[in-house]
Amino acid sequence: MTTEEIVFSKMHSAIENYDADAAVTAANEAVSAGIDPAVALEKGFADPIRKIGEAFERMDIFLPELVMAANAMKAGVEVLEGALKARGSAIAKKGVVVLGTVEGDIHDIGKTVVGAMFQANGYEVHDLGVEVPAPRFIQAAEETKADVIAMSALLSTTMLYQRDVIELLQSKGLKDKYFIIIGGAPVTQKWADEIGANGYGRDAIEAVRVLDSHAKEWAK
Amino acid sequence: MNFKEVAKRAETGPLIEANDFLMQRVAANVLALKKEYDVKWDGKSLINLDDQLADRCWQAGKELLLRSGLYSMNSRRVIQFSKEEIEDAIRLAPSQIIMGEGKEQKTAYHRGVEDPREPFVMSGPFNADTHESMFVKLNEAFAQERLIDCLFLPGYLKELDGQMIRPNSGLSSRAAVLYGEWAREAVRRAGRPGMPIIGHSVMALNEISCTNEAYGLRRTDPRAMVLLSELQVDDVTMARLGYYLAYGTPIYIAHTPLVGGYGGGPDGTAIIGVASFIASILLGAEICHVGPQHIKYKTQTNNHSLFLGSLVNQATNRNSHIITTTSHTTAGRTGSDQYAYEFSALELAVVTGGSNISGPRPAEPLGFNNVSPLMGRLFAEVGHAASKLTREAAAGIIEQLFAKYKDAMSLEVSPKGAPFEQLYDIQKLVPTAEHQACYDRVKEELTRLGVPFNN
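Here the protein sequences come in this chain order: A and B. Per our numbering, the first sequence starts with residue 1, numbered consecutively. Per our numbering, the second sequence starts with residue 1, numbered consecutively.
FYI, nobody ran anything at the bench for these hints, they're computed from the structure. There could be a bad hint or two in this list.
Across the chosen pairs, the derived CB separations fall in these ranges [said to hold, decoys possible]:
1. Val413(B) to Asp212(A): 20 to 26 Å
2. His126(A) to Pro193(B): 50 to 56 Å
3. Lys83(B) to Glu57(A): 36 to 42 Å
4. Gly367(B) to Asp212(A): 29 to 35 Å
5. Leu174(A) to Gly367(B): 29 to 35 Å
We treat Cβ as the ideally placed atom computed from N, Cα and C, and that holds for glycine.
Using the sequences provided together with the hints, build the complete structure.
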C-alpha cells in the first residue's frame with residue numbers, strides 16, 4: 001500500500017468506528033504526508049460517511065451511530081480545513097445550512113437527525129438547537145454566510161413560526177438570499193407553498209434530496 | 001416520592017447538555033444494558049412469546065432509569081432517582097383508577113399478560129386536527145359509541161375563526177376554554193354527561209384553561225401529559241403536572257420512544273419504554289401510555305413497533321401492577337380497510353400483553369377531522385376480542401394482517417382516507433352506507449382470520 005492508501009484507510013476506519021479522536025489523528029497524518037486536504041476529504045472521509053448515511057436509511061444503524069459518525073467527520077474536517085486555510089484556500093462544501101427547531105417548540109430529535117444527515121452528505125451545519133426565535137435564524141444565517149435555512153416544527157401550532165421567519169426575511173429584503181427548507185410532523189408541501197418556503201422534506205432523507213436537487217437555486 | 005421532591009430535583013440535579021444526556025446517559029446505557037440483560041429482537045417476530053425476554057427487558061428498563069435519570073429540558077438538570085425510590089414507586093403504583101361521574105363513572109385497571117378481562121377503551125379524535133365547525137358533532141358521534149369507556153383527546157384546535165393559534169397566546173387560552181366546553185357539550189348531547197374525557201387541550205401552559213367543573217373538563221377527567229423522547233420532561237409539562245396533581249385530576253402520562261433513535265432497534269427502544277413507564281409513575285401518573293414512534297415509518301403498526309409494543313407491555317405487566325395503555329397510529333387513513341387492519345394487528349399484539357387501548361388515528365391525517373367514530377367502535381370490539389386470545393393465537397392473526405398492509409406502510413403510498421364529514425351523515429350522525437360497508441367488510445374478514453368478536 002502507498003502512504004496515501006494507508007492514510008485513507010485510517011480515515012475510513014475512523015468514520016466507520018465513529019471515532020472522532022482517530023479521525024483527527026488520521027487527518028493530521030494526511031496533512032503531514034503532504035496529501036492535498038481536498039483530496040483527503042474526498043477520498044478519506046466522504047466515501048465512508050456516504051455509506052453511513054445509506055446504512056442509516058436502511059436502518060442497519062441508528063441515530064447514535066449516525067450522530068457519532070457525523071461528529072467524527074466534523075472533527076477530522078476541521079483539521080483539513082485548518083491546513084487549507086494556512087495555504088490561503090478552503091474546502092469546497094456542498095453548502096452551509098443553518099438549522100433549528102422554531103420558537104415555542106422543544107422537539108429536538110427530528111432536527112438532530114436532519115442535521116446529522118446533512119453533515120453526512122457534505123453540508124456544513126450550524127445547529128441552533130430548539131425554541132429558536134425568528135431573528136436568531138436570520139442572524140445566524142448572516143453570520144455564517146449560510147446558503148440554506150432549515151426549520152423544524154413538530155406541532156401544528158408552532159409551525160406558524162416557520163411562516164414568521166420567512167415574513168421577517170421578506171421584510172428585511174433577504175428572502176431571496178437563502179433557500180428555505182421546512183419539515184416536521186404537521187408540515188406539508190401545501191404549507192411550504194403557502195408560506196413561500198423553497199423546499200419541504202417529509203423526513204431527513206428527503207430533506208437531503210431536496211437540497212441536492214435544488215443546488216443550482218441556492219449555490220452562491 | 002412526591003411531586004415536590006421531583007420538581008426540586010429538576011432545579012438541583014446535575015447540570016448536563018441535552019445531547020450529552022441523550023448520547024452518554026441514554027444511548028450508551030441502552031447499548032450496555034442490551035448486552036448485560038440479553039435483550040435482543042430476532043429480527044422477525046411481530047409479537048413477543050418469550051416470558052424470560054420480557055422479564056430481562058423489565059430489569060434492563062429499571063436499571064436504565066437508575067443510571068440515566070430523567071432530563072429536565074429547560075433547567076438542563078437530571079432528575080435522579082435511587083434504587084429504593086424506583087422500587088417504592090413501582091410497589092405503590094395504583095392498580096386501578098376511577099374516572100368520570102354518575103352512571104358514566106368508569107374504572108381503568110392494570111391487566112396482566114393474557115388477562116381475560118376486557119381492556120379499558122379510550123377512543124376519540126386523539127388530538128387529530130379538528131375543525132371548530134365539526135368539534136361537537138365529531139365528539140358526540142364518538143361518545144354515542146357505548147363500547148368506548150372514555151373520550152380520548154377530543155381534538156386539536158389549530159385555528160379559531162380561520163386564525164391559526166400561537167402557543168401561550170390569548171387565542172390559545174380561548175381554544176383551551178372552548179375545547180373543554182365543546183367536549184362536555186358533546187358527551188352531554190350523547191346522553192353521557194359524566195363520561196370521562198382525557199384532555200390535552202392546547203400545547204402550552206394555558207392548556208389548564210380547559211378546566212371548568214360546570215362547563216369544561218372536571219376534576220374527575222384525566223389530563224394527558226407527554227414525556228419527550230427520550231426520558232425528557234419540559235417545564236410546561238411539569239407546570240401542568242403541578243397544577244393538576246394539586247387539583248386532584250387523574251394523571252395520564254404518555255411517552256413516545258423512537259425506534260431507530262437513541263435506543264436503536266425495537267429491543268433497545270423497549271428498554272427505554274420500560275424506563276419511561278416507571279418515570280411516569282414517579283411523576284405521579286395513574287395511567288401510563290406508550291406510543292412508539294418510528295424514525296422511518298412514523299406509524300405504530302410497522303413490524304418493529306408491533307414487536308416493541310408487545311414486549312414493553314409484557315415486560316411491565318408481568319412485573320408490576322402499573323396501568324398501561326398503548327396508542328394506535330396507522331399508515332392507512334380513516335375510511336380505508338387498511339386503517340382497520342393496522343390498528344387491529346397492534347391491538348392483538350398489545351392487549352394480549354396486558355395493555356389497555358388508546359386511539360386509533362392515522363399517523364399523518366390529510367386535513368381536518370380525519371378520524372371515524374365507527375372505527376372507534378371497531379377498535380373497542382377488536383380490543384375486547386383480543387382479551388380472549390393467547391399471544392400464540394394472536395401471533396398467527398397478526399402475521400396475516402401484517403401481510404395485508406406491509407407493502408403500503410409508507411405514508412406516501414398508504415390510502416388517503418376521508419374526513420369524518422364524508423364518512424358520516426352529519427345531520428343524522430350515522431355512518432354513510434359506504435363507510436358502514438367498510439366496517440362490515442373488515443369485521444367479516446377479521447372474524448374469518450380468527451378474531452373472536454362478542455357478536
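Against the structure, the hints:
1. Between Val413(B) and Asp212(A) the CB atoms are about 23 Å apart, so this pair conforms to the stated range of 20 to 26 Å.
2. Taken as a hint, the range 50 to 56 Å holds for the pair His126(A) and Pro193(B), whose Cβ atoms sit roughly 54 Å apart.
3. Checked against the given bound of 36 to 42 Å, the beta carbons of Lys83(B) and Glu57(A), roughly 40 Å apart, stay inside it.
4. Distance hint check for Gly367(B) and Asp212(A): the Cβ-Cβ separation is about 30 Å, which falls inside the suggested range of 29 to 35 Å.
5. For Leu174(A) and Gly367(B), the hinted distance range of 29 to 35 Å is satisfied, since their beta carbons lie about 32 Å from each other.
In summary, the structure agrees with every hint in the numbered list given earlier.
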